[in-house]
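K.L.:
Chains as they are written, first to last, in the numbering used here: chain A, 7 to 364; chain B, 7 to 364; chain C, 7 to 364.
Errors might be hidden in some of the hints.
Given that identical chains are not distinguished, each listed pair holds provided it fits within a single copy or across any two copies.
As the list claims (entries may be wrong) - Here are the simulated DSBU-like pairs of lysine-lysine, each with C-alpha atoms no more than 35 Å apart in a straight line:
1. LYS307 <-> LYS273
2. LYS345 <-> LYS60
3. LYS307 <-> LYS56
4. LYS204 <-> LYS56
5. LYS273 <-> LYS204
6. LYS204 <-> LYS60
7. LYS345 <-> LYS273
8. LYS307 <-> LYS60
9. LYS56 <-> LYS341
I should point out that these hints are in silico values taken from the structure, not numbers from a laboratory.
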Amino acid sequence: MGATRPGIAIGELAAQFGCELIGDPDARVGHVATLANAGPGTLAFLANPKYRPKLAQCAASAVVLSAEDAAGCATNALITDDPYVTYARIATVLHPSTGHAPGIHAAASCDPTAEIHPTAHVAPGAVIEAGAEVCEGAFIGPQCVVGRHARVGPHSVLTANVTVAHHCEIGARVTLHPASVIGSDGFGYARAAEGWLKVPQVGRVVLGDDVDVGAGTTIDRGAVEDTVIGHGVKLDNQIQIGHNVRIGDHTIVAACSGVSGSTVIGKRCLVAGAVGFVGHLNICDDVTVTGQTMVNRSIDKPGVYSSALPMDEAARWRRNSARFRRLDDLARTVKRLEKAVASIGESAATTPDREGDD
Amino acid sequence: MGATRPGIAIGELAAQFGCELIGDPDARVGHVATLANAGPGTLAFLANPKYRPKLAQCAASAVVLSAEDAAGCATNALITDDPYVTYARIATVLHPSTGHAPGIHAAASCDPTAEIHPTAHVAPGAVIEAGAEVCEGAFIGPQCVVGRHARVGPHSVLTANVTVAHHCEIGARVTLHPASVIGSDGFGYARAAEGWLKVPQVGRVVLGDDVDVGAGTTIDRGAVEDTVIGHGVKLDNQIQIGHNVRIGDHTIVAACSGVSGSTVIGKRCLVAGAVGFVGHLNICDDVTVTGQTMVNRSIDKPGVYSSALPMDEAARWRRNSARFRRLDDLARTVKRLEKAVASIGESAATTPDREGDD
Amino acid sequence: MGATRPGIAIGELAAQFGCELIGDPDARVGHVATLANAGPGTLAFLANPKYRPKLAQCAASAVVLSAEDAAGCATNALITDDPYVTYARIATVLHPSTGHAPGIHAAASCDPTAEIHPTAHVAPGAVIEAGAEVCEGAFIGPQCVVGRHARVGPHSVLTANVTVAHHCEIGARVTLHPASVIGSDGFGYARAAEGWLKVPQVGRVVLGDDVDVGAGTTIDRGAVEDTVIGHGVKLDNQIQIGHNVRIGDHTIVAACSGVSGSTVIGKRCLVAGAVGFVGHLNICDDVTVTGQTMVNRSIDKPGVYSSALPMDEAARWRRNSARFRRLDDLARTVKRLEKAVASIGESAATTPDREGDD
Chain A
7 MGATRPGIAI
17 GELAAQFGCE
27 LIGDPDARVG
37 HVATLANAGP
47 GTLAFLANPK
57 YRPKLAQCAA
67 SAVVLSAEDA
77 AGCATNALIT
87 DDPYVTYARI
97 ATVLHPSTGH
107 APGIHAAASC
117 DPTAEIHPTA
127 HVAPGAVIEA
137 GAEVCEGAFI
147 GPQCVVGRHA
157 RVGPHSVLTA
167 NVTVAHHCEI
177 GARVTLHPAS
187 VIGSDGFGYA
197 RAAEGWLKVP
207 QVGRVVLGDD
217 VDVGAGTTID
227 RGAVEDTVIG
237 HGVKLDNQIQ
247 IGHNVRIGDH
257 TIVAACSGVS
267 GSTVIGKRCL
277 VAGAVGFVGH
287 LNICDDVTVT
297 GQTMVNRSID
307 KPGVYSSALP
317 MDEAARWRRN
327 SARFRRLDDL
337 ARTVKRLEKA
347 VASIGESAAT
357 TPDREGDD
Chain B
7 MGATRPGIAI
17 GELAAQFGCE
27 LIGDPDARVG
37 HVATLANAGP
47 GTLAFLANPK
57 YRPKLAQCAA
67 SAVVLSAEDA
77 AGCATNALIT
87 DDPYVTYARI
97 ATVLHPSTGH
107 APGIHAAASC
117 DPTAEIHPTA
127 HVAPGAVIEA
137 GAEVCEGAFI
147 GPQCVVGRHA
157 RVGPHSVLTA
167 NVTVAHHCEI
177 GARVTLHPAS
187 VIGSDGFGYA
197 RAAEGWLKVP
207 QVGRVVLGDD
217 VDVGAGTTID
227 RGAVEDTVIG
237 HGVKLDNQIQ
247 IGHNVRIGDH
257 TIVAACSGVS
267 GSTVIGKRCL
277 VAGAVGFVGH
287 LNICDDVTVT
297 GQTMVNRSID
307 KPGVYSSALP
317 MDEAARWRRN
327 SARFRRLDDL
337 ARTVKRLEKA
347 VASIGESAAT
357 TPDREGDD
Chain C
7 MGATRPGIAI
17 GELAAQFGCE
27 LIGDPDARVG
37 HVATLANAGP
47 GTLAFLANPK
57 YRPKLAQCAA
67 SAVVLSAEDA
77 AGCATNALIT
87 DDPYVTYARI
97 ATVLHPSTGH
107 APGIHAAASC
117 DPTAEIHPTA
127 HVAPGAVIEA
137 GAEVCEGAFI
147 GPQCVVGRHA
157 RVGPHSVLTA
167 NVTVAHHCEI
177 GARVTLHPAS
187 VIGSDGFGYA
197 RAAEGWLKVP
207 QVGRVVLGDD
217 VDVGAGTTID
227 RGAVEDTVIG
237 HGVKLDNQIQ
247 IGHNVRIGDH
257 TIVAACSGVS
267 GSTVIGKRCL
277 VAGAVGFVGH
287 LNICDDVTVT
297 GQTMVNRSID
307 KPGVYSSALP
317 MDEAARWRRN
327 SARFRRLDDL
337 ARTVKRLEKA
347 VASIGESAAT
357 TPDREGDD
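Produce the complete structure using the sequences and hints provided.
P.N.:
Following this line, the structure appears as structure tokens:
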């Protein structure tokens, strides 16, 4: 952000990432930009056709795009089959993660029985409790808590204000964004005469490798066995994962969704924002759920599933939703009309016209 | 979690918890397990009939179940009227809360005017502000903040990264899970010519005894008077409680629900996940609300209330939701048809068939 | 909260805030109260007509109200055109924000390269990272993190457990409530053969002046350019703002709403609770969205928009929602019936009655 870099020759990038280059291989790019606001020294990309019109005036030093868009490009082009993937790879080279110095800051608080690898970094204000393990290259940010006997895998990052509760296991190369919580107690209560009785939650949370957990996302520990998040799963902000849930590898979930207890979600699913899963369901692999859907039954067939109504102007919406409250009556009326019309038709020796449905 | 315990004889458990025992009273159990994965030395339970088929092969040393299921049990049985409640009680004996050493950690920061009971524990990184009170046996976990003049009642637990704002009152035996916030300012603004004018929020939050507040849950302080959460109320993760809300004793609310300002909810209500209450409502005792419902009016009759549509395949859902946008038109068409049919019927001296509704 | 104040003469308040006073100008008020529970020495207000009946018995020393309500007031009246705005101004005088002593607490941790104004306050447990700037009169509460090169503007308040990530910019007089997160990485992944590839998020979050951010609210940094929140924007608790979002000045958003990436919202919009915006939309100025709406398309006309169904008793709701699953079939049946009736009508030389729609 702001630091001027000498940049990398786009000829080198083309070679490294297998792109066809049209233009000057010695042009250099130092940071990324949008097509609309790019200037000299920047790299832009085109993946969404909606932005194609910006290509003709783009002032970037190079644009990553597909072959079909190359003709319209006003500047140097890096041609690739999947521009967004290639852009992600090049952007990671241009904007590498900030490294961190190994060692424990004097203002961190680490229990003497915790094992902290000498290459790990523990920031001021972090707390590492008894018996916890922090592996090589891990980063424990300010105000983070690693609970008793929890384990943070190699090169994982706890950004800031993160809580990892006791005994939980975090895989390798995991990122936990601010205010996320791993291993809070599951919501288990038995209804006794005197009120709600807490059921001990003795399972853990186990996160696989390469998992990302968004800001404010909470994942409850299992009631008896573990809550398990597979490898490569990406969870956006403010997601709630209930106890005993299992999520398969490479599933991705957008913000504000919630998964109730004991539901199992397959691999490579795509879950949009604000989706709610009720408990004890089985969702197979490769399911897509659109935004604000209530998933209230198991799914055993890959496909796309929905339940949210689209927005309307309030006046029309009110009329329609008032009708919804009497939809069952309406359907019964239609049934009656069908019979009446059929009976009239028969008495007139004619049949209702069943053709021409729109 | 790994620690091997000698276990407790199930004859003792039967006596202590009033169960009928079928089997060997000297069998010992040390920890809990699921019916499916139980082994020797474990205790399982059967409360949900769905899991009954697991009973025949269960390898637990004992299963808590009801009389009607006892015949199918392959191992020692602890028979009780309410297996889930009895399981909860026994599990609490097998898995007691981890105790804590009394005292203030050197890396905590306590204002000299705060009153902290000598039996309370204050963890590293915790901050106790001026005039706050922490009662006997309370636990203030790492990175927790107890604001000015706030009070944490006896044996209450602030797990980690919890904020209790100034002047709030936390009852006895309360648990506040990580990243929960008690006493943030209510959302009160008056629209002035120059923009939104903040209305001071001078009330408090008062939590009764035996309240649990989930991870990431936020409870706003009252605008003038207090926001009040009754005894034994259980709030799951990521719930939002607006200012001036009152929730009656023993009501339970599942994750991701929100209650807008000044709404009053009765006792013993069951609120499912992702439910939204608009403001200034009155909800009577013993109401159940199903998941994702928008509670947009007061409720004065106990019962079950809903408003979320169930999931469907996206293609069919799109067809139906497009029709919804013209539902009012459809209803008008049906009305017209009814009249037309009646008029035809009359002119034919016949009446439409009104019998045989499905 | 208990502290007895000598109070202010209401004659002074009337003069200062341009109210007409009916009653005793020497009556004094020290704190605010509700109409229902007010006593001597308190100031109440009437803005919602629902509470008008409380006026006759109100025991406050003064009530702020409009001219039309003055006749019914049992006590001294401060008459004004907009009682809620005037109440907000007076309440702010009666309940001023608690000041803070300038200086850095010994238990805070500030990088030596951070610039902290001598009038700012840094609380115990706060962490200020390298190159960060904290301006005059700012308050950095306990457990807050101000990341590398972030800037907190004059007189802004980070209450407690707040995270401001690296390079983000916070304007003047901003309040960040507990557990809020500014500048978490946006949710950007490219689908590669080996799994989801993280796209670096190199933009910032820029908050204007006089912005309030609620407890647990998260605002993601931009992917390439910045996420921008305009002046005077008020965000309630547990709101999620995706990367690249822009929100216009003086827009207000209620709790639990979410805005997906790259959506642009205009000025002075009113967004109710639990609303979800899909990504890449443009919402014009002065739009109102009602609770739980899914905003799934751009809006170019000011007005009120909705999509949530109102609550019903569960039994009736189940019947109606079952019918919804076949709504398209129902509409086709009605279409068929229309044709059949028209054809019968024609053959009888009569036309269906199209008058008298309700």
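K.L.:
Are the hints correct? Go through all of them and say.
P.N.:
Tested hints:
1. In this homomeric assembly, LYS307 and LYS273 come within 35 Å of each other (Cα to Cα) only inside a single copy, at 13 Å, whereas the closest approach across copies is 41 Å.
2. In this homomeric assembly, LYS345 and LYS60 never come within 35 Å of each other (Cα to Cα): the closest approach is 60 Å inside a single copy and 51 Å across copies.
3. Proximity of LYS307 to LYS56 under the C-alpha cut-off of 35 Å is found in both arrangements, the shortest distances being 32 Å within a copy and 22 Å between copies.
4. For a Cα distance limit of 35 Å, the shortest separation of LYS204 from LYS56 across copies, 22 Å, qualifies, whereas the shortest one inside one copy, 53 Å, does not.
5. For the identical chains of this complex, LYS273 and LYS204 are neighbours both inside a copy (32 Å) and across copies (18 Å), given an alpha-carbon limit of 35 Å.
6. Taking the shortest Cα distances, LYS204 and LYS60 sit within 35 Å of each other only across copies (25 Å), while inside one copy they are farther apart (58 Å).
7. Taking identical chains as interchangeable, the C-alpha atoms of LYS345 and LYS273 are never at most 35 Å apart, the minima being 49 Å within one chain and 49 Å between chains.
8. Within a single copy, LYS307 and LYS60 get their C-alpha atoms only as close as 40 Å, which misses the 35 Å cut-off; across copies the closest is 26 Å, which meets it.
9. For the identical chains of this complex, LYS56 and LYS341 are neighbours neither inside a copy (46 Å) nor across copies (38 Å), given an alpha-carbon limit of 35 Å.
Violated hints, in rising order: 2, 7, 9; the structure is consistent with all others.
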